[in-house]
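**Student:** As a plain string of letters, each chain reads:
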Amino acid sequence: MLKQIEGSKAVAEAIALCRPEVISAYPITPQTHIVEDLSQIVKKGALGNCQYINVESEFAAMSCVIGASATGARAYTATSSQGLLFMAEAVYNASGMGLPIVMTLGNRAIGAPINIWNDHSDSMSMANSGWIQLHAETNQEAVDLHIIAFRLAEQLSVPVMVCMDGFILTHAYERVDIPTQEQVDNFLPKFEPVQMLDPDEPLTMGAMVGPEAFTEVRYLSHHKQLQALEVIPQLASEFEKQFGRKSGAMVDPYHTIDADTVVVSLGSINGTIKDTIDILREDRCSIGSVKLGAFRPFPLAELREALSGARRVIVVEKDVALGLGGIVASNVRMALRGTSTPVYTIIAGLGGRPIPSKSLDKAFRQAMDDDIEDPLFLDLNHEVIDRELARMKEQRRSGPVAENILREIGLVGHSPRKV
Amino acid sequence: MQQRVKYYQTGTFTVGNRLLDEEKRTVQATKERNNSLTCGHRACQGCGEALGARFAIDAAMNAVNNKLIAVNATGCLEVFSTPYPESSWRIPWIHSLFGNAPAVATGVAAALRARGETKTRVIAQGGDGGTVDIGFGCLSGMFERNDDVLYICYDNEAYMNTGVQRSSRTPPGARTATTPPVGEHPGNSYNQGKNPALIAMAHNIPYVATASVADLHDLEDKVEKAMSISGARYVHIHVPCPLGWGAKPSNTIRLARLAIETGLFPLFEAEDGEIVDTTPIRKQQPVDEYLKLQRRFAHILKDPLALETIQAMADRNISRFNLVREMEVTNNG
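Top to bottom, those sequences are chains A and B.
Position one of the first sequence corresponds to residue 1 (our numbering), numbered consecutively onward.
Position one of the second sequence corresponds to residue 1 (our numbering), numbered consecutively onward.
The hints are simulated quantities; they were obtained by calculation from the structure and are not laboratory data.
Just so it is clear, the structure is predicted and the values come from calculations on it, not from any experiment.
The C-beta atom is built at its ideal place from N, Cα and C for all residues, glycine as well.
There could be a bad hint or two in this list.
[Claimed, not checked] Now the in silico label distances, taken between C-beta atoms and shown as ranges:
#, chain 1, residue 1, chain 2, residue 2, range
1, A, M334, B, S230, 40 to 46 angstroms
2, B, E274, A, L203, 38 to 44 angstroms
3, B, R282, A, G111, 21 to 27 angstroms
4, B, S230, A, Q195, 23 to 29 angstroms
5, B, G273, A, D379, 55 to 61 angstroms
6, B, S230, A, L322, 46 to 52 angstroms
7, B, P83, A, N381, 55 to 61 angstroms
8, A, Q155, B, S168, 43 to 49 angstroms
9, A, K44, B, G246, 58 to 64 angstroms
10, B, D277, A, T215, 52 to 58 angstroms
[As the list claims (entries may be wrong)] Over 12 angstroms on every C-beta distance to chain B, these chain A residues come out as not near it, computed from the model:
#, residue
11, E6
12, M62
13, P202
14, M205
15, G244
16, D252
17, H255
18, M368
19, E403
[Stated by the list, open to error] Here are the simulated lysine-lysine pairs, DSSO-like style, with alpha carbons at most 30 angstroms apart:
#, chain 1, residue 1, chain 2, residue 2
20, B, K67, B, K225
21, B, K67, A, K190
22, A, K44, B, K119
23, A, K43, B, K119
24, B, K24, B, K302
25, B, K292, B, K194
26, A, K190, A, K274
27, B, K302, B, K194
28, A, K44, A, K190
29, A, K190, B, K119
30, B, K225, B, K292
31, B, K225, B, K194
Use the sequences and the hints to build the structure in full.
**Tutor:** Printed below as a string of structure tokens:
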């Protein structure tokens, strides 16, 4: 059914259609609306016996769904940013035990400085935790990916994180086609756990494993990710047949045939990137793009194939590996290893900074001339940086950087002492 | 030669199982005991925690028709019972992390409720570090929500699994690897301490009890009573650790008993936030009787001020919980 609906509300409805049995959550912006809506749905009795547990921390939220999933219940939680970091130990634990939990991540920056707006620092921090990470471009895709996520998680017995950009998607009202219960029931069978705490068949879960077997256990987690590379496209194709629309592609090309330059990115920014490409193509620029629908597993072979005709690749990413550069770009280089294709990195949208098409247009043109800084921090205010660096050089007690920058750009108080 | 018949365990007033009616014997003394924590585990000689867990879990199993799931925090109990690929547990058992056992247990209980499995019950357990320090947030959350979980803390008064470091249950003056017996104030600091049973009571949960491996009848009774109640329950069991305390393995029960008889570890029960029963001390002992059997206190035995402070703690417990009083005479048959 078509609805004009907030992203979070649409996702909550999608989760409800997946018939979760235990939901545990802790409030954190910008995912809060999802779990608020779910609490309403559960309290109204629409999910039968589903248990909604208000916990005291994200660490407890993840721990609670670990217990529920290990007891054979379909379990769900959602978080963002600091919340994901606070539950980090349990995030690794869930995947280490192979528990098919589904979690929505409303992508948000990580402090300090504290910042509630969107970027991908949070999901990147858990990229190697053994969770599958799917990224939604639109709210329609966010809805669809959650339905695919439960099927994928339970089929492989691996947890799945569905990443959707905080505010940009979670708080945006868009037209979304919410599937019917019958459609979802046909796609998503009843949860049959591969392991379960059951008094009739007692087993020990979470035993201590030493050097003699740890590598094998880890290899099998890696193997699951590799299996997902095959299963995700199968599920996407099955989804398309049953629901009549495409969702869940790991590599989604846009005008890449004969494009000399190909832009690679995750999540909602792909909309702006495609608009920018349209403008550049009108200007006879040979440019296309690839949307990455999954960051873990990373579709190395499929991406390499999609980029095989490119003379250069630009990665636009909303995160930064401090002391290195691009995180996504490093992964893209891995896909292109052995080739001479240059990969340029554009760090953009940190802490919710808008990514205007105009800025992308300029950066893409620089890249097309192979005359671009790498990594390029999009729209970085060099003047402010230079002044702060000078101040730090001049005085030992130069004060908190974040506050100084805010003063510099005139957002708060008087300007910091001039150098 | 005539064999001397012992009616009581040596030096105690505890009646041996043999002399009790069958229905009054411990679960552990019956053929039906489940051996939930069975033999072959790697606990040290004289481990109070292994003993406490064995009695507690079998008693719980007995109380719930063997329909039990256990969640275990990281710690000695977890490590010595489940060295992969072996497991001493004959019950469904899960270990997740150090600080999250109460929350995992909440999830287990929620899943059982969601799936309509009302007969299976949930226990979470951990040592004092996992319970009172790193897991305390999750424990308080579980209490506050009144989730249907019995949490059992096996308190051996330090982080024994990592090599005897101080926890918030380490008593004043005690030597641990992180409270060395050097300097002006040797051993652990003389702080206010942290009493998790009283904090549990402050959540007004239906049942809280303290127990000890020195009185296994009482321990079993309290666990069984806990399992007859629904909602959040807490049982705090004092379990001496020969290795960490610097004590003879053969002194585990003696030390547990002395902790009770000195007043340092009061036994009580509380329902809905109110104390309903305390166990009187049968033969009061001065604290140095308890301290002198443990090398962790060796450096304070000749320090009158330290002894006085610890004696004052014991005396405060005795008056607070009315531990020295006229004994009620009960007929054990």
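**Student:** Now tell me, hint by hint, if it's right for this structure.
**Tutor:** How the hints compare with the structure:
1. A hinted range of 40 to 46 angstroms is violated for the C-beta pair M334(A) and S230(B), which are about 54 angstroms apart.
2. The given range of 38 to 44 angstroms is respected by E274(B) and L203(A), whose C-beta atoms sit roughly 40 angstroms from each other.
3. One distance hint, 21 to 27 angstroms for the beta-carbon pair R282(B) and G111(A), is violated here, with the actual separation near 58 angstroms.
4. Between S230(B) and Q195(A) the C-beta distance comes to about 27 angstroms, which sits within the given range of 23 to 29 angstroms.
5. For G273(B) and D379(A), the hinted distance range of 55 to 61 angstroms is satisfied, since their beta carbons lie about 58 angstroms from each other.
6. At about 51 angstroms, the CB distance of S230(B) to L322(A) agrees with the hint of 46 to 52 angstroms.
7. P83(B) and N381(A) have their C-beta atoms about 57 angstroms apart, which keeps the hinted 55 to 61 angstroms range intact.
8. Between Q155(A) and S168(B) the beta carbons are some 45 angstroms apart, a value that agrees with the proposed interval 43 to 49 angstroms.
9. Range check, K44(A) to G246(B): about 60 angstroms between beta-carbon atoms, so the 58 to 64 angstroms window is met.
10. Remark: the range hint 52 to 58 angstroms for D277(B) to T215(A) is upheld by a beta-carbon distance near 53 angstroms.
11. With a cut of 12 angstroms on Cβ distances, E6(A) stays outside the contact zone with chain B, its closest approach being about 27 angstroms.
12. In this structure M62(A) is not separated from chain B by more than 12 angstroms, as the shortest Cβ-Cβ distance comes to only about 8 angstroms.
13. Consistency note on P202(A): stated as away from chain B, yet its beta-carbon is not over 12 angstroms from all of that chain's, at 5 angstroms minimum.
14. Distance check for M205(A) against chain B: the nearest CB is about 4 angstroms away, which does not clear 12 angstroms, and the non-interface claim fails.
15. With a minimum CB-CB distance of about 32 angstroms to chain B, G244(A) clears the 12 angstroms threshold, and the non-interface call stands.
16. At the 12 angstroms boundary, the C-beta of D252(A) stays outside the reach of chain B, the nearest C-beta of that chain being 36 angstroms off.
17. For H255(A), the condition that its CB be more than 12 angstroms from all CB atoms of chain B holds, with the nearest at approximately 47 angstroms.
18. At roughly 50 angstroms, the least C-beta separation between M368(A) and chain B is larger than 12 angstroms, which holds for a residue marked as non-interface.
19. No beta-carbon of chain B is positioned within 12 angstroms of the beta-carbon of E403(A); the least distance is around 31 angstroms.
20. At most 30 angstroms may separate the alpha-carbon atoms for a hinted pair to count; K67(B) and K225(B) meet this at roughly 16 angstroms.
21. Taking the CA atoms of K67(B) and K190(A), the gap is about 24 angstroms. The hint holds against a cut of 30 angstroms.
22. The suggested pairing of K44(A) with K119(B) holds, with an alpha-carbon distance near 26 angstroms, which does not exceed 30 angstroms.
23. Only pairs whose Cα atoms come within 30 angstroms are accepted, and K43(A) paired with K119(B) is accepted, the gap being roughly 24 angstroms.
24. For the suggested pair K24(B) and K302(B), the alpha carbons sit about 44 angstroms apart, so the restraint of at most 30 angstroms is broken.
25. A C-alpha spacing of about 23 angstroms is found between K292(B) and K194(B), which places the hinted pair at or below 30 angstroms, so the restraint holds.
26. The hinted pair formed by K190(A) and K274(A) fails the criterion: a straight-line CA distance of about 38 angstroms is larger than 30 angstroms.
27. With a C-alpha separation of about 26 angstroms, the suggested pairing of K302(B) with K194(B) holds against the 30 angstroms cut-off.
28. Only pairs whose Cα atoms come within 30 angstroms are accepted, and K44(A) paired with K190(A) is accepted, the gap being roughly 23 angstroms.
29. Annotation: proposed proximity of K190(A) to K119(B) holds, straight-line Cα distance about 23 angstroms (limit 30 angstroms).
30. With a CA separation close to 35 angstroms, the supplied pair K225(B) and K292(B) exceeds the 30 angstroms bound.
31. Only pairs whose Cα atoms come within 30 angstroms are accepted, and K225(B) paired with K194(B) is accepted, the gap being roughly 25 angstroms.
Violated hints, listed in ascending order, are 1, 3, 12, 13, 14, 24, 26, 30; each of the other numbered hints is respected by the structure.
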